[in-house]
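Peer 1: Residues per chain, in single letters:
There are 2 protein chains.
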Amino acid sequence: MYGLIVKLTVIPGKREDLIGILKESAAEMPGCFSYVVAEDAADENAIWVTEVWNSPASHDASLLLPAVKNAIPRARELVSKFEKVAVTNPVWGAGLPGL
Amino acid sequence: MYGLIVKLTVIPGKREDLIGILKESAAEMPGCFSYVVAEDAADENAIWVTEVWNSPASHDASLLLPAVKNAIPRARELVSKFEKVAVTNPVWGAGLPGL
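Residue numbers (the working numbering), protein chains in the order written: chain A, 1 to 99; chain B, 100 to 198.
FYI, nobody ran anything at the bench for these hints, they're computed from the structure.
In this text, all values refer to a predicted model and were calculated from it rather than measured experimentally.
Among the hints, a few may not be true.
[Claimed, not checked] Here are a few chain A residues that face chain B, going by a calculated C-beta distance under 10 Å:
id, residue
1, 12
2, 29
3, 37
4, 82
5, 88
6, 96
[Unchecked claim] Chain B is nowhere near these chain A residues, computed Cβ spacing over 10 Å in every case:
id, residue
7, 5
8, 7
9, 9
10, 22
11, 23
12, 27
13, 65
14, 69
15, 75
16, 76
17, 78
18, 80
19, 81
20, 87
[Said to hold, decoys possible] Coverage of chain A stretches by chain B, computed from C-beta distances (three or more under 8 Å per stretch; other residues unrestricted):
id, segment
21, 38-45
22, 57-64
Yeah, the Cβ is synthetic: ideal placement off N, Cα and C, and Gly gets one too.
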């Protein structure tokens, strides 16, 4: 099991645009058990992405999916700061099919 | 929709014990769409809990559930540091029934 907690800060006013790109690109990723996109409640330019994968390999492979490859350069134009806050080993989840 | 990203640091050696308590207490919480417990990959004494709820009220109500009320004092004994890293508004999730 492999998890990521990422904080993305966008160029002011671009949060909705980035959320749209993430929705498109992350809808069908093999080995992905959970991928939650959330607005930060205190910072109108911040987004949190929390991910659960069956393995690091599935995460790495997702970066080569056509929808994801297509999204990455468009997302980069909107993101001013990318923080990998944590790499995790998910061990249990309510509502998570894989755990 | 309401989300929390919490980092818990445990007294050294107590991470497994805390995970056990969280599993017991969080298994049946009305209004909870996702509750993932994950070990930090870099810090053997840290745990991340990422939560998605249908409302802040459901989260608050969960604190009064018997299993949760029972767990809180036991968990407190094991936790040396509690950090509410982010309060969020989840807007989309792959693998999340409520979104």
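Peer 1: Which hint numbers doesn't this structure obey?
Peer 2: Of the numbered hints, 1, 4, 7, 8, 10, 11, 12, 20, 22 do not hold.
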